[in-house]
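Spelled out, the chains give:
Number of protein chains: 2
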Amino acid sequence: MNIRFYNGLICSMAKKIEITSDEEIWVKENKIAYLGPAKSSDFKFDREIDLKGNLLMPGFKNAHAHSAMTFLRSKADDLPLMDWLNYKIFPMEAKLKSEHVYYFSLLAILEYLTSGITAVMDMYFFQDEMVKASIDVGFRSVIVSGTCGEDLNCVKKMEQDYLKFNKIHELISALIGFHAEYSNSNEMLKCISQVAQKHKAPVFTHNSESKREVDDCIKKSGMTPTEYLNSLGLFDFGGGCFHCVHLSENDFEIFKQKGIAAISCPGSNCKLASGIAPVSDMLNFGIKVALGTDGPASNNALDMFREMFTVTALQKIRNADAASLDAIKVLEMATKFGARVMGLEDCDSLAPGKLADLIVIDLQQPNMQPLNNVLKNLVYSGSKQNVKLTMINGRILYENGVFNVSVDPEKIYKTVNEMNSYYKN
Amino acid sequence: MNIRFYNGLICSMAKKIEITSDEEIWVKENKIAYLGPAKSSDFKFDREIDLKGNLLMPGFKNAHAHSAMTFLRSKADDLPLMDWLNYKIFPMEAKLKSEHVYYFSLLAILEYLTSGITAVMDMYFFQDEMVKASIDVGFRSVIVSGTCGEDLNCVKKMEQDYLKFNKIHELISALIGFHAEYSNSNEMLKCISQVAQKHKAPVFTHNSESKREVDDCIKKSGMTPTEYLNSLGLFDFGGGCFHCVHLSENDFEIFKQKGIAAISCPGSNCKLASGIAPVSDMLNFGIKVALGTDGPASNNALDMFREMFTVTALQKIRNADAASLDAIKVLEMATKFGARVMGLEDCDSLAPGKLADLIVIDLQQPNMQPLNNVLKNLVYSGSKQNVKLTMINGRILYENGVFNVSVDPEKIYKTVNEMNSYYKN
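If you read the sequences in order, they're chains A and B.
Counting in our numbering, the first sequence tops out at residue 425, every number present.
Counting in our numbering, the second sequence tops out at residue 425, every number present.
Rather than coming from a laboratory, the hints here were simulated on the basis of the structure.
Incorrect hints may have been included.
To be verified - Short derived list, chain A residues pointing at chain B, Cβ under 10 angstroms:
#, residue
1, Ser21
2, Pro91
3, Gly267
4, Asp303
5, Arg306
6, Gln365
7, Asn373
To be verified - Stretches of chain B that chain A covers, calculated by requiring three or more beta carbons in the stretch to come under 8 angstroms of a beta carbon on chain A:
#, region
8, 73-87
9, 105-116
10, 249-259
11, 267-276
12, 342-356
13, 413-419
Said to hold, decoys possible - Lysine to any residue pairs mimicking SDA-like chemistry, simulated, CA-CA at most 25 angstroms apart:
#, chain 1, residue 1, chain 2, residue 2
14, B, Lys88, A, Ala323
15, B, Lys52, A, Phe403
16, A, Lys88, B, Ile19
17, A, Lys88, B, Val402
18, A, Lys52, B, Val402
19, B, Lys88, A, Arg318
20, A, Lys414, B, Gly53
Even for Gly, the Cβ is constructed at its ideal location relative to N, Cα and C.
Just need the whole structure built from these sequences, with the hints factored in.
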């Protein structure tokens, strides 16, 4: 489909983060064909969409999630962390069936669409199912392996999947990763490092989410998790770490030197009482920071608006400074920085040749009025209710509250609820 | 209108906070006429609404706002508190015109409806305008005076308004209040205390929002703001305090003894970097706690879903305990406790004879699935997008994203934007 968007505000995120009101955007097949003043086109549009003054911008990038954990949403809340993990999450995950993961992933993807999220970096079990769900809906996923344990065959599988997923479909890409320092044997981590070195690939993992995890690593190795993982060569080609709540000064140095990105998950860090990540300190230090929702068992929403408000709210509290982490920086984290961390440079902004992953924000709702500052409204008073349209790879998948996908949402809800009875705790 | 709601889940909040699935609710004129199993009615329904499995519950009560501050939304963000107040907010408020306040209030009320908020306790300038806006829309407002300064005539006006607003319209009630300890002379506070004593009325005010405010009061009077205000007899008939971020142990005792409620505004406290209120400590101590959005200049959303998540998120961080402030307690704060603090016992729950202020929550959206625990979903993954219907005083004012009010939202947006150019800063 070729689509023309006109008569709206555009925040391309291409250079400066600012809004233009005299431009239009043309989508040709799956790419942006033109962004600029109105002019005549040399191809025919299948649809011309009058934005009516609303805002068009790049879609949000969810840089950390375990999508299929939808099945655990509200199944175990308001519990101390270790009870939550050991008595609720792990036992239920141990029963997990691959055919269920397909439906649990579909449910998450629908939620992403309602929040204007156009891509996710996903780490979970049975990754073929998330890949299938993404392709079936038309959603963009970056699959990152969550290798853990001590069985070296898992590293082989990790490498196979990495190669397989990177050529399976235009909507899918893959990154090398492992669950965490504390959930892998030293042998495993060395093996993963070898694979990363072989492919000159960045590596992604959970890191320094809880204080206990850091203390345990120091006790065991004399190093912080960042120092320890780095000593194994795991970050020689960069990568990213999820959470990064408890980092040392030297960890900051390593992040900067190795070009490691921090993926902050403020909602999850609150809900599991992990702490407040030093996001503004990291940004000021020159570390790249992206945003993630984490999984729906620990957040429990997959809503980038909530993450955007929460991340800046927490920084203002942490630093006792209302000027901390301004809205524009938050928007960059949620879009451009996220895309780059995920290896999706083609979706980091709106410009000719970039992939058409974009959203339209409804400004004709009371929470977005008056239009004193549209971008600040987006972060400080915006809500997923303002998402009027979500387009991925040139296809409109969600518009005016209606899904335009090949799966039936009502049927997914029904199926997920039925499957869920299997995971009684 | 007489309306029957059937075939849904109901959380009446009447006794235990739980959900029933085999009951229906009848609304007759402006009250709940029946709640129980299906049976034949002795009156005719104008409309019968099939809830299709969705959730019906009492509307949210916003126990603290300055509604008309919509005009300042996103006009001054990411600034240190004192710069924000002295160079942005106060100068613009000094120019405020009463006829503008009507439209700024209308805009806030529309936003309340989208978030399922059915009543607000409002403190601002030109209160006749908020009263008029509320009546024109059909919204329920509790008007609390924000007396400040040193002109004792303002206290006379306060008393006159208190009496006037309490008999002006069934949707309007009034409470005695003043802006804050630091913004009133000692003479003023004594005078306000006399009026409260005369009417045996509870008193409401901002209290201990910032550390500096507390330190200044101690320096001046040797007492915390709570101790000082209490020493003047201001809380002899109870009342409530907005924010309560920085309270001492003795303040806790006074709150409990005098039956003073705390109205927590977590979003605003973050955005202005005021700190995290000791909400779970207050609740454990037996202090009543309600929730408020504060004004749209300092939040900037008027969204009770965001406040619900933020208040529990912050407690979990503050106490380093994921079990802090569970979702059910948060729901009570946002509905029942709020109503009682605002003097709206008639709207605190759904039961025969209570006023019909209720909302319907759409569960057929991905963020509310699966239905492992509907009430936890509401707090942890719910969003204003799930508000399917908002009824106040028996009238449906918002349904499926459409306002059913006598004012035209598009016209309000336009008018507010036009008026706003007057407040350039």
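Taking the hints in turn, this is what the structure says about them:
A hinted interface residue such as Ser21 (chain A) counts as satisfied when its beta carbon comes closer than 10 angstroms to some beta carbon of chain B; here the least separation is about 14 angstroms, so the hint is violated. A least Cβ separation of about 15 angstroms between Pro91 (chain A) and chain B goes past the 10 angstroms threshold, and the interface hint is therefore violated. With a least beta-carbon distance of about 7 angstroms to chain B, the hint placing Gly267 (chain A) at the interface is held under the 10 angstroms criterion. Given the 10 angstroms rule on beta carbons, the hint for Asp303 (chain A) holds: about 6 angstroms separates it from the nearest Cβ of chain B.
Evaluation of the Arg306 (chain A) hint against chain B yields a held restraint, the C-beta minimum of about 7 angstroms falling below 10 angstroms. Interface restraint check: Gln365 (chain A) against chain B, minimum CB-CB distance 7 angstroms, threshold 10 angstroms, status holds. Checking Asn373 (chain A) against chain B: minimum C-beta separation of about 4 angstroms stays under 10 angstroms; hint holds. Remark: the region 73-87 of chain B is confirmed as covered by chain A, as 9 of its residues place a Cβ nearer than 8 angstroms to a Cβ of that chain, reaching the required three.
Given a C-beta distance limit of less than 8 angstroms, the hint that chain A covers the region 105-116 of chain B holds, as 5 residues qualify and 3 suffice. Closer than 8 angstroms: that is the beta-carbon criterion, and the region 249-259 of chain B has 0 residues meeting it against chain A, so the requirement of 3 is violated. Counting residues of the region 267-276 of chain B whose CB falls under 8 angstroms from any CB of chain A gives 8; the rule of at least 3 is met. Proximity of the region 342-356 of chain B to chain A, defined as three or more residues with a beta carbon under 8 angstroms from a beta carbon of that chain, is not established by the 0 residues found.
Counting residues of the region 413-419 of chain B whose CB lies closer than 8 angstroms to any CB of chain A gives 3, which reaches the minimum of 3, so the coverage claim holds. A C-alpha spacing of about 14 angstroms is found between Lys88 (chain B) and Ala323 (chain A), which places the hinted pair at or below 25 angstroms, so the restraint holds. In summary, the hint linking Lys52 (chain B) to Phe403 (chain A) is supported, as the alpha carbons are separated by about 19 angstroms, within the 25 angstroms threshold. Of the supplied pair hints, the one linking Lys88 (chain A) and Ile19 (chain B) holds, its CA atoms being roughly 23 angstroms apart against a limit of 25 angstroms.
Pair hint Lys88 (chain A) plus Val402 (chain B) does not hold up; C-alpha atoms about 41 angstroms apart against a cutoff of 25 angstroms. Proposed proximity of Lys52 (chain A) and Val402 (chain B) is supported: the alpha carbons are some 18 angstroms apart, at most 25 angstroms. Among the hinted pairs, Lys88 (chain B) with Arg318 (chain A) is consistent with the structure: their alpha-carbon atoms are about 24 angstroms apart, no more than 25 angstroms. Of the supplied pair hints, the one linking Lys414 (chain A) and Gly53 (chain B) holds, its CA atoms being roughly 12 angstroms apart against a limit of 25 angstroms.
Going down the numbered hints, you'll see the structure goes against 1, 2, 10, 12 and 17, while the others check out.
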